[in-house]
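Keeping the supplied structure of chain A fixed, place chain B upon it in accordance with the hints.
Chains A and B, in that order, give the protein sequences.
Counting the first sequence from 1 gives a position; our numbering is that position plus 3.
Counting the second sequence from 1 gives a position; our numbering is that position plus 59.
Since the hints were made in silico from the structure, they are not lab data.
Beta carbons are placed, not taken as given, at the ideal position from N, Cα and C, and that holds for glycine.
Treat each hint with caution, since some may be false.
[Said to hold, decoys possible] Incomplete in silico selection of chain A near chain B, CB under 8 Å: (1) Asp89; (2) Ala113; (3) Val114; (4) Ser127; (5) Gly131; (6) Lys198.
[Said to hold, decoys possible] Anything over 10 Å on all C-beta distances counts as not near chain A; from chain B, calculated: (7) Ser64; (8) Thr79; (9) Ile96; (10) Leu104; (11) Pro105; (12) Ala198; (13) Glu248; (14) Glu428; (15) Val467.
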Amino acid sequence: MKFKTLTLCTIVATLSLAWAAEDAAEIMRKSHLALYYAGNDQVTDVHMKIVDQKGKERVREFAMLRLDLEEGGDQRYYTYFKKPADVARMTFMVHKSVAGNDARWIYIPAVDLVKPVSADDKSSSFVGSDFSYEDVSGRHWSEDTHRLLPDSTIDGAAVYVVESTPKKDDKSFAKKLSYIDKATMLPLRERYFDKKGSLSRVFAAEKIDTANGITTVMVRSMEDVYAKRKTTVTFLSVSTNVGLKEEIFTERFLKSPPREFIK
Amino acid sequence: MKRASLVEFSIKHPVLTVVTCVILTGVAASQLPKITIDTNPKNMLPETSTVRVFNDEVESTFSLYEDVIVVGIAHPNGIFNAATLEKVQRITDEITNLPNVAARDVSSLTTIMNVTAENGALKVAPPMTEVPRTDEELAALRKSVLENPLFIGRIISADGKTTAIYVPLEEGANGKEIADKIREVVGKERGDEQFYVAGDPVARDTFGAVMFKLMGVFSPLAGLIMFIAIFLMFRNLSLCMSMMAVAMIAITWSMGLLIGLGFPVHIMSSMSPVFLMAIATDSIHIFNEFNFRYREKRDKTAAIIETMQAVGRPVRFTALATAVGFGVLMLMHIIPVQVFGGLVAFGTIALRVLSFSFIPAVLTFISAEKLEKAARAGDVEGGWAERFLRRLGYVGAHRPVITVAIGVVLLGGAILGISKIVVNNNMVEWFKSGSEVRTADTVMNQALGGTSLAYIVATANGGETYFQSPEAMHYIDGLQRHLEKLPVVGKTFSVVDYVKRINFVLHDEAPAFDAIPGNKETIGQYLFLFSMSARPMDLENVVDYEFTTANVWVQLKTWDAQAMRDVIAAVNEYKKTASAPVELRPAGIAYFNLVWNDEVLWDMVRGFIIALIAVFIILAFNFRSLKWALIGYIPLLFTVALIYGVVGFIGKDFDMPISVLSCLSLGMAVDFAIHFISRLKQRLAEFPDLQEALLWTAVRPGRGIMRNALLFASAFSVMLFAPLTPYSTVGAFIVSMMVLSALMTIVFLPALIVLLKGWLFRNAAI
Chain A
4 MKFKTLTLCT
14 IVATLSLAWA
24 AEDAAEIMRK
34 SHLALYYAGN
44 DQVTDVHMKI
54 VDQKGKERVR
64 EFAMLRLDLE
74 EGGDQRYYTY
84 FKKPADVARM
94 TFMVHKSVAG
104 NDARWIYIPA
114 VDLVKPVSAD
124 DKSSSFVGSD
134 FSYEDVSGRH
144 WSEDTHRLLP
154 DSTIDGAAVY
164 VVESTPKKDD
174 KSFAKKLSYI
184 DKATMLPLRE
194 RYFDKKGSLS
204 RVFAAEKIDT
214 ANGITTVMVR
224 SMEDVYAKRK
234 TTVTFLSVST
244 NVGLKEEIFT
254 ERFLKSPPRE
264 FIK
Chain B
60 MKRASLVEFS
70 IKHPVLTVVT
80 CVILTGVAAS
90 QLPKITIDTN
100 PKNMLPETST
110 VRVFNDEVES
120 TFSLYEDVIV
130 VGIAHPNGIF
140 NAATLEKVQR
150 ITDEITNLPN
160 VAARDVSSLT
170 TIMNVTAENG
180 ALKVAPPMTE
190 VPRTDEELAA
200 LRKSVLENPL
210 FIGRIISADG
220 KTTAIYVPLE
230 EGANGKEIAD
240 KIREVVGKER
250 GDEQFYVAGD
260 PVARDTFGAV
270 MFKLMGVFSP
280 LAGLIMFIAI
290 FLMFRNLSLC
300 MSMMAVAMIA
310 ITWSMGLLIG
320 LGFPVHIMSS
330 MSPVFLMAIA
340 TDSIHIFNEF
350 NFRYREKRDK
360 TAAIIETMQA
370 VGRPVRFTAL
380 ATAVGFGVLM
390 LMHIIPVQVF
400 GGLVAFGTIA
410 LRVLSFSFIP
420 AVLTFISAEK
430 LEKAARAGDV
440 EGGWAERFLR
450 RLGYVGAHRP
460 VITVAIGVVL
470 LGGAILGISK
480 IVVNNNMVEW
490 FKSGSEVRTA
500 DTVMNQALGG
510 TSLAYIVATA
520 NGGETYFQSP
530 EAMHYIDGLQ
540 RHLEKLPVVG
550 KTFSVVDYVK
560 RINFVLHDEA
570 PAFDAIPGNK
580 ETIGQYLFLF
590 SMSARPMDLE
600 NVVDYEFTTA
610 NVWVQLKTWD
620 AQAMRDVIAA
630 VNEYKKTASA
640 PVELRPAGIA
650 YFNLVWNDEV
660 LWDMVRGFII
670 ALIAVFIILA
680 FNFRSLKWAL
690 IGYIPLLFTV
700 ALIYGVVGFI
710 GKDFDMPISV
720 LSCLSLGMAV
730 DFAIHFISRL
740 KQRLAEFPDL
750 QEALLWTAVR
760 PGRGIMRNAL
770 LFASAFSVML
780 FAPLTPYSTV
790 GAFIVSMMVL
800 SALMTIVFLP
810 ALIVLLKGWL
820 FRNAAI
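Chain A on its own, in the form it takes in the complex:
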């Protein structure tokens, strides 16, 4: 009798754990889609400010075009740099592949050269900021194992807390805690921990707005705890579902950017 109860308890516990795990993965999937796949395409004007530990600032401005080929799947990114002045007109394109390696190209106007860029390392810094390439285009939820922790609140908003561990050893982080807004499914915070168990980076959604009926993180930041550096990304303008064509995301357009979308 006692034994049966125990077995039953174990089964229930296992089931609920499995359910919880799936639930955590589902939360991460929804959050990923909300943050990286809003609409079918998007054009944003981005202001990026990198502040180091001495308070010195570096500013970058660029326009970013995004096209989703498949919800939660492959995407196209096109970046056109405006500032600093010496790099104006440089363009950068990414064909993001969920299954394989991304393909990247860069156009260098000073020597009028388009060059494919090999991209093995998604954790490397995006244009010298504290965001990595993966932070910009999103780390696919299926790459990590997720576990739901007790709910919490961030700035008064109720959040899910999900602990993610990479399935394959990853040098960028060993553990991540995501605090996902129950209302919008957007991550309000992400805390990254390294192999030593120390906090290494913190992501924060600092301002969330609704533009064209889509809830968007308008200001986000990433702080490197060790280097005491912080990068803040502000969306100056956002247009969603503007009808971007796949042909824009080709080498030809790297040299002559689509002026109807980039001012």
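Showing chain B alone in chain A's frame:
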């Protein structure tokens, strides 16, 4: 007179005197557990010193680490085989997991950024993300690494047999502790590879740790040897005990005071117990004289009082000379030097107060029987010692011209030797050859560009983005080529190397593009391209955000201070041949080592000169005569000159430890002359026959001098076997100094006095 009353008081109230000493010692000893230790030689200079402020600024501007350990992995057949590469990967991973290691900026084949062209694409990634398995993969890795000039001499040796891992440390981390952990990590590996752990933090912190350990071993060991030597000389345990007790009490008082006042025990002050132990041996003159007096009178109390009257004045003045010699160090600029000087001066005074109180008090406790035995022992031993001393004194007194002539020749040779002295410092060479630290450094310096790192910081007056201009690039490039002509420079590295590399790679490695691009826009875009893919630190290490300051890395193959001097000279030379609106300044650990060593060294030299003057004044006061002061000064000058002459001839660098020793020589060598001349004059006042008085002085106080010298020398001879060269140097220096200055005093002083007697004893009929 005041001293005499202290002696009388101590004899009348011996128990009270001893109890007071014990209580004071107890109070001082209670402070000892509060000890704080500072082994970092950087703290020789205050944080506000120009070099530290600038170095901090440079480190902050370029996100550099103050301390970096270099780990070398070598395989006799080259490191490009799967087994060795696996070890490189595993060791890098394990090192990044060590506490206090700045994991994100560890550089090795698996983490450093490589810019290459791969199938027409630009690739920015570490050369090895996964260990290659097939021969083709191995060959490809080998080719890509060895063909990148940025890597040769830094991450890989030109012959492909040695690779390095650079391990930056978090601020305040202890280099020795991390080096030990790294040694543990590499110690687990099996195979044909050799592993080496090198770099400034390893040498510096290992030195600090070993130094404190040695102090703990050598102070008691020197004490023990002295104890045995005293026992052999006097055959009386109580005498030995009281003499050692005096040394221990003075050391406890000094260290207790230092720690009680809240000073950390620094490398320099950690040497003071040994110094004080040495200075304490001066009390041997009291015992020596007491032995003679007791033998003559057989009355204990009378012998004590007479002894103190006879040796009181020289003992007081030698103490004063020593205290002043060290006391002047308190006027120096460097705080640990000041503390050290004050500490030893205080200890010396304490020793003397004890000589006039504790020692007489203890002497009253010794039973007449034992004293009888001691006196007889002295008699028996006196046979050959007396004959030997008499002969020495005789040579000087009866062959003055030859003696002085030999002295002059020796002095001439010494001056020639001194002219050959090289001022240099090399912290790695403080470790003996064959030691782990030194071997690692030697091997790494042969294989790679050098473990000692300097920076040349170029600041533009031309405003923002100046270091994107071709003009600035060519100026820096020219500087690098110029510096690389120096044999001590193994490799240089700057933002120009990145620009050239990207230009080359973007143009599919066409040799014509291994050059600086012709316009600023291109350079700006190349660097932006680089920063798009590399670690932020890769670019930050060589140029600041605004491109107004650039940092040229200079790897040196030796830790010689001279190497850094050569680099600075070459920079100045370059400034004359090439011009740009740029200011060039040295920085980095190699530069810091040069500055602090020089500062300490010249501060000590300055202190030494001031102390020389102060000691001369004391001598003049003691003898109430400038002439006698000059005569008394000669053995000191002679000893110092001879030792430095030898230092110059054997090519030993005049470095910081030697400069510290100069001060000790001053305190000790003058002691013997004070004893000799004071007692000679006392004797002459009683029996005005110069020849007889000289021989008497050579035999009687001379015996005290010889005993003092031998005691001292035997105690310090243990240091000759220390694993750190500065300790061997201290040992050799003190042994030779003691023997030389005793000989000088006993042989040379009589010769000089005989030759100059007309000048010295005006109107006297002797």
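Comparing the hints with the structure gives:
1. Asp89: It holds, given that the least Cβ distance between A:Asp89 and chain B is near 3 Å, below 8 Å.
2. Ala113: Because about 4 Å separates A:Ala113 from the closest Cβ in chain B, which is inside the 8 Å limit, the hint holds.
3. Val114: It holds, given that the least Cβ distance between A:Val114 and chain B is near 6 Å, below 8 Å.
4. Ser127: With a closest approach of 6 Å, the A:Ser127 hint holds.
5. Gly131: Holds - the Cβ of A:Gly131 comes within 8 Å of chain B, reaching about 4 Å at its closest.
6. Lys198: This interface hint holds because 6 Å falls under the 8 Å limit.
7. Ser64: holds (66 Å)
8. Thr79: holds (56 Å)
9. Ile96: Label holds. Min Cβ-Cβ 27 Å, cutoff 10 Å.
10. Leu104: The claim holds: B:Leu104 sits with its nearest Cβ about 23 Å from chain A, beyond 10 Å.
11. Pro105: The claim holds: B:Pro105 sits with its nearest Cβ about 23 Å from chain A, beyond 10 Å.
12. Ala198: Its Cβ never comes within 10 Å of chain A, the nearest being 19 Å, so this holds.
13. Glu248: Correct as stated: the minimum Cβ-Cβ distance to chain A is 20 Å, above 10 Å.
14. Glu428: holds (71 Å)
15. Val467: Label holds. Min Cβ-Cβ 64 Å, cutoff 10 Å.
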